[in-house]
Amino acid sequence: MSEIQAVSSTQLETRKSKLETDLREIAQDVVSRAMAGGATAAEAVVREGDEFSTTVRLGHVETLKEAGSRAIGVRVFFGKRAASTYSSDFSREGLDRMLNSALALAKITSEDPFSGIPEASQLGSLSGDLDLYHEDVYSLPGADRIDYARRAEKAALDFDPRIKNSEGGSFDAATGHKVLANSHGFVGEYRRSYCSVAAIPIAQDEKGGMQRDYWFSVARNLARLDPPEKVGRVAAERTIRRLGARKAKTAQVPVIFDPMVAASILEHIFEGVNGDSVYRGASFLAGKLGQKMAGDNVTVIDDGTIPGGFGTSPFDGEGIPTRRTLVIENGVLKSYLLNTYTARKLGLQTTANASRGLAGTPGIGPGNYFLQPGRKTPKEVIGEVKEGLYVTEFLGHGANLVTGDYSRGASGLWISGGEFAYPVEEITVAGNLKEMFFNISEIGNDLEFRGSVASPTLRVDGLTVGGE
Amino acid sequence: MAHEQFFFQHYGLTQPDLQRYLAAALSAGGDYADLYFEFLSSTSLMVDESMVKSASQGISAGCGIRVVSGERTGYAYTDDLSPERILHAARTAALIASGPAKTPSVGFQQTQARSLYPVTLPSVDAEITAKVELVMRADAAARAYNPRVKEVRASYSDELRNILVVTTDGTFAEDSQPLARLNVSCIAKTEQQSGRGSSGGGGRVALDFFFGEKTPEHFAKEAARQAILQLDAKEAPAGEMEVVLGPGWPGVLLHEAVGHGLEADFNRKKTSAFAGLVGRRVASENCTVVDNGTMPWRRGSLNVDDEGEPTQETVLIENGILKGYLSDKLSARLMGIADTGNGRRESYEHIPMPRMTNTYMLAGQDNPEDIIRSVKHGVYAVNFGGGQVDITNGKFVFSASEAYMIEEGHITAPIKGATLIGNGPDVLTRVSMVGNDLQLDEGVGTCGKDGQAVPVGVGIPTIKIDRLTVGGTARKDTGGFMQ
Chain A
1 MSEIQAVSST
11 QLETRKSKLE
21 TDLREIAQDV
31 VSRAMAGGAT
41 AAEAVVREGD
51 EFSTTVRLGH
61 VETLKEAGSR
71 AIGVRVFFGK
81 RAASTYSSDF
91 SREGLDRMLN
101 SALALAKITS
111 EDPFSGIPEA
121 SQLGSLSGDL
131 DLYHEDVYSL
141 PGADRIDYAR
151 RAEKAALDFD
161 PRIKNSEGGS
171 FDAATGHKVL
181 ANSHGFVGEY
191 RRSYCSVAAI
201 PIAQDEKGGM
211 QRDYWFSVAR
221 NLARLDPPEK
231 VGRVAAERTI
241 RRLGARKAKT
251 AQVPVIFDPM
261 VAASILEHIF
271 EGVNGDSVYR
281 GASFLAGKLG
291 QKMAGDNVTV
301 IDDGTIPGGF
311 GTSPFDGEGI
321 PTRRTLVIEN
331 GVLKSYLLNT
341 YTARKLGLQT
351 TANASRGLAG
361 TPGIGPGNYF
371 LQPGRKTPKE
381 VIGEVKEGLY
391 VTEFLGHGAN
401 LVTGDYSRGA
411 SGLWISGGEF
421 AYPVEEITVA
431 GNLKEMFFNI
441 SEIGNDLEFR
451 GSVASPTLRV
461 DGLTVGGE
Chain B
1 MAHEQFFFQH
11 YGLTQPDLQR
21 YLAAALSAGG
31 DYADLYFEFL
41 SSTSLMVDES
51 MVKSASQGIS
61 AGCGIRVVSG
71 ERTGYAYTDD
81 LSPERILHAA
91 RTAALIASGP
101 AKTPSVGFQQ
111 TQARSLYPVT
121 LPSVDAEITA
131 KVELVMRADA
141 AARAYNPRVK
151 EVRASYSDEL
161 RNILVVTTDG
171 TFAEDSQPLA
181 RLNVSCIAKT
191 EQQSGRGSSG
201 GGGRVALDFF
211 FGEKTPEHFA
221 KEAARQAILQ
231 LDAKEAPAGE
241 MEVVLGPGWP
251 GVLLHEAVGH
261 GLEADFNRKK
271 TSAFAGLVGR
281 RVASENCTVV
291 DNGTMPWRRG
301 SLNVDDEGEP
311 TQETVLIENG
321 ILKGYLSDKL
331 SARLMGIADT
341 GNGRRESYEH
351 IPMPRMTNTY
361 MLAGQDNPED
371 IIRSVKHGVY
381 AVNFGGGQVD
391 ITNGKFVFSA
401 SEAYMIEEGH
411 ITAPIKGATL
421 IGNGPDVLTR
431 VSMVGNDLQL
441 DEGVGTCGKD
451 GQAVPVGVGI
461 PTIKIDRLTV
471 GGTARKDTGG
481 FMQ
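The listed protein sequences derive, respectively, from chains A and B. Positions 1 to 468 (the working numbering) are the ones given, in order, by the first sequence. Positions 1 to 483 (the working numbering) are the ones given, in order, by the second sequence.
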């Protein structure tokens, strides 16, 4: 009968702390065994995480999910050849198999003069508390977690009688622990926590037409999470205002990007200044360092050091302390975003933007990456538009960084006489990024981080809106 | 099947163990529970600048446990396949229910074995040097195609997924699912212009597929051709016009416009623009659309779905009339409809839900040349990137990466990439011609839903859509533009 009892959380905690103290040793042991196996350099990463999520739909619990997992990856070098392997099996045999296949695999890759781990002198970790980990994301009893989801959905359903259905309210929490070790003797680790509450209401008009939108709050600790009622209310407002949407006429008009969709413009810039695209010539911004690529009002910063930030970590995916990088200053391209490999390829210094998955070569990822806000309120920016489009959602991924061609599906609100006139949908927004960066004519003062990439409200001129 | 009883052999699992885990899952009651064991091994290789820069291999294993009680689902998983951890996960998932323990049925019924991808040597176990040869040959062929091809990246990846699904309704299903894919992307450059192209393919095939049927040269030439073509592309038009889709991968239209909207979970919750439309006209008479998980060797095919149900061919739209939905066990039970074997999940860490397999439109009567000839002014789109859909309002997009203008019945200049946007429930009612040239894609599709990625296939014959919005930048006419 003992099998029927639910395992208490103290048993869970014991298992966790025992594993966590082992992770550093495991990572270091894998590195030293790789070196003993003949590697000239090696790097190991161990990741462990727990997740909880629940969805409440129309007042009833729909899903409850709770689990934890861990995995290890190793990258080995024989001179200038490299290979990587990973495993979720931490048994001695599992780790041996992982190491042996990495050592064998490295023999079939090519000599690449720029490959290798960073120099020993570059390695390190930011000191001090970066405010990334709060155990309180798991502090709520199960019933209260469900209640967070329920309250968010209820606030949306109660907001307006036209909110008639829902994809639910949800509450999620997660913690992660990461250890990185390499053959220069570096070993670093950090933990991060995360929680979020969201609502996805569905509104229906008298003709039966349905619209869905969403809103969420995300934070590294519970205390900083918006009240579920606020999340539900905003979600409902965003959904209601889409009811009765129609197509717009094909036209060239000013387009205002709300902060959520404006962040996608920042992502396109990121892809364009990413060292991997730059050395391959896969970006029209390759070779433009020191040149004007946007209007004077555009300043873009990447900063992996901001305490509590969603893009913050004490070191990057290769063990280099994160930093603040001025990417674009008053429209001039000041720096690419690089990891060790792409920096060597381009004869530059890494910007500590290496992102390391379990397998493969490190990629490049943002820290806290944002566009410097302007002075006008979003209301003022909208108020200056006679006829134009306010975009609240994009569909599809139609940006080509090789050519700059840009074409995306959109929905939002039509602006007439400086005010929202009616909702629009089934339209496209098209242009070329090369010109768009220069045509950012207004930048709002409403910068808020809801993830690692953030932008204030933007106005871009010269775009073609495709519709009827 | 090569890996019969994989988990019994490699993890010492026994039938009584499975009974014990299921009993723990139903320890607080519930209507149903299942266990999904997964062992995934994978390889990937990448060549860039004619060097093999990246090679990796990996293994992940785990077990996901689901308990269903009414409309409620409890889920937990473990990457440690020891009895203690599986029992712990089972009891965590059990917390969704709150009643007296139930006893699962005794004994399992093995799902009838089927063999849609009978590879003798799974590619993941094949010699790595042969895989290196594939990416190196792809690189050489793309560079040889044209001196303006400046950058080439070729990648190869494969995996073998061994699964075991056991359920409290007595299902016992095993499968060993190979998957391989070769991909080439190119950048072409002149002093003034740049272009990019990409091509790839594969399926649930062995490595010899890439040495016989579809060679690295085949994919490399196609990627290079697209990149070169883009150098001369002119501005795409903006606004509503006639659109002709070429055969094969443009079937992504069906995946976005109707496929997702017909997944049963959205219709059970009435959150889909297609909810309540069964028996109604949603396409013109010449359109019949199916989802078929039983096509041999295909990327979207499965012997059994991730709930242990055999996959099948399901008619979604027949001569323009909506026939039904794609369901998993939960939707089938709650909606009182048949389970179509479309319950899929990304891995043991994920809850299964209704997903597509291979979705395509059956061939029609029209000659593709006649279809082009019938267009006065429109767009001919033959290659696409991805797409996306808003299930609730039905609006979908898909992005053309290779397209041409049609003027007075003739294909003219290539145009730049552009997004096409439409409304799912009525776009197919404007299909006026359907070609006799059905093709399936080459095996590159990956579909995302709720953060879960699964491999899928699409297909379509050449079709003509009388009116669709094209998202270019060029003016259609001088009127209608506001400053």
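Hints were generated in silico from the structure; no laboratory data involved. Treat the hints with care, as some may be off.
[Stated by the list, open to error] Okay, derived cross-link-like pairs now, DSSO-like style, lysine-lysine, Cα gap no bigger than 30 Å in a straight line:
{"id": "1", "chain 1": "B", "residue 1": "K323", "chain 2": "A", "residue 2": "K207"}
{"id": "2", "chain 1": "A", "residue 1": "K334", "chain 2": "A", "residue 2": "K249"}
{"id": "3", "chain 1": "B", "residue 1": "K189", "chain 2": "A", "residue 2": "K334"}
{"id": "4", "chain 1": "A", "residue 1": "K292", "chain 2": "B", "residue 2": "K189"}
{"id": "5", "chain 1": "B", "residue 1": "K449", "chain 2": "A", "residue 2": "K178"}
Cross-check of the supplied hints:
1. K323/B x K207/A: holds, 24 Å
2. K334/A x K249/A: violated, 40 Å
3. K189/B x K334/A: holds, 25 Å
4. K292/A x K189/B: holds, 22 Å
5. K449/B x K178/A: Holds, at about 27 Å.
In terms of the numbered hints stated before, the structure departs from hint 2 and from no other.
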